[in-house]
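Residue numbers (my numbering), protein chains in the order written: chain X, 1 to 234; chain S, 1 to 110.
These are calculated hints, taken from the structure and not from any lab test.
Possibly wrong hints are sitting among the right ones.
What the hints assert, rightly or not - Calculated from the model, a selection of chain S residues having no Cβ within reach of chain X, i.e. all distances over 10 Å: (1) R2; (2) A15; (3) R45; (4) W52; (5) A54; (6) V58; (7) V60; (8) V63; (9) S64; (10) L102.
Unchecked claim - Covered stretches of chain X (in silico footprint by chain S; criterion: 3 or more residues with CB under 8 Å from a CB of chain S, positions within the stretch not fixed): (11) 57–71; (12) 106–112; (13) 153–167; (14) 220–226.
Beta carbons are placed, not taken as given, at the ideal position from N, Cα and C, and that holds for glycine.
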Amino acid sequence: MSTLRVRVRRGDAFEEFDVPRRESQTVLDVVTHIQRHLDPTLAYRYACRVGMCGSCAMTVNGAPRWTCRTHVDQVAQGDRLEIGPLRNLPVIRDLVTDMREFFDKWARAQGRFRGRSRRADDFARVAPASAARRLADAGIECIGCGVCYAACDVVAQNPAYLGPAALNRAWTLLNDARDAAQGERLRAVAGDAGCQACHTHLSCTERCPKAISPTAGIAGLKRATLAAALRGEL
Amino acid sequence: MRTQVLLWGAQRASAALLALCVLVHLATLVYAVQGGLSAAEILARTRGNLAWLAFYTVFVLAVSVHAPIGLRAVLGEWLGWRGRSCDAAVGLFAIVLCALGLRAVMAVFA
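Using the sequences plus the hints, can you model the full thing?
In structure tokens, the structure reads:
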């Protein structure tokens, strides 16, 4: 059995650990091994271990990834692995970041459903094959892991920018025929801190573990906000 | 907010125009330079020619719209310079760019 040389970011410095390499080992397995057997003070975050909860994202060999579904074989450079916290977010300790700003931006982008129907109303009928439903489907599987946010260079240079995840969420709601707050949502995502700030670098799309393209959604928001601005509705 | 979105729209529209203008400009350049290029030759083609006057006026106007909006984003992201003072500075830059460009266009027309 070979050994992995793992460099783990701890504050301003890296600490090195030797971890036994195993078959089908994930990066989260490696971090868990360090915490359980080598240094119990290591702080990291995870919950489901199966790619559903979006808690365990970290920077692995320079790129943001969901660690529970990232196999060491896919990312190790020889026997070396470098693990750090996500970029663009304040670090609380070791590999744990403060996600508040990330989720506050979802709220700022009007990322919650606002219905108009009452208890007595009939079910809304949305045709699964309708264009809007398909556009919403393309972005709806987001697990809120923050990988796209960490990958985004615009977030790094423009801290007010809402970021790919919040804008993707707004885009899925904009395509929800039942939602009643579209005007407010368009105003929330328009402008220098909103979709217009995106430079279409596509880093979010390249890194999204759920194969969503926030870039495509943001392009849709750009068109929708421009149309609203030209109509004088922003 | 609305202004920011319209600025983005103006930059996209001017980019589409510039793509066409640059193509025409470069194609003309390659064609014209084949027999050697002199100031007299250029002036002979452009002086009094309303079509070239119109073309390069559109070109200059598109540049004057496109470049300052891009510069505004660059200043915000790289220097953290945002807000009214930045908008005023890039507005001034747009006016200077437009004035210098149109002056050059007039110089080869008149």
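Each hint, compared with the structure:
{"no.": "1", "hint": "R2", "in the structure": "violated (4 Å)"}
{"no.": "2", "hint": "A15", "in the structure": "holds (13 Å)"}
{"no.": "3", "hint": "R45", "in the structure": "holds (39 Å)"}
{"no.": "4", "hint": "W52", "in the structure": "holds (32 Å)"}
{"no.": "5", "hint": "A54", "in the structure": "holds (26 Å)"}
{"no.": "6", "hint": "V58", "in the structure": "holds (22 Å)"}
{"no.": "7", "hint": "V60", "in the structure": "holds (25 Å)"}
{"no.": "8", "hint": "V63", "in the structure": "holds (20 Å)"}
{"no.": "9", "hint": "S64", "in the structure": "holds (20 Å)"}
{"no.": "10", "hint": "L102", "in the structure": "holds (28 Å)"}
{"no.": "11", "hint": "57–71", "in the structure": "violated (count 0)"}
{"no.": "12", "hint": "106–112", "in the structure": "violated (count 0)"}
{"no.": "13", "hint": "153–167", "in the structure": "holds (count 3)"}
{"no.": "14", "hint": "220–226", "in the structure": "holds (count 3)"}
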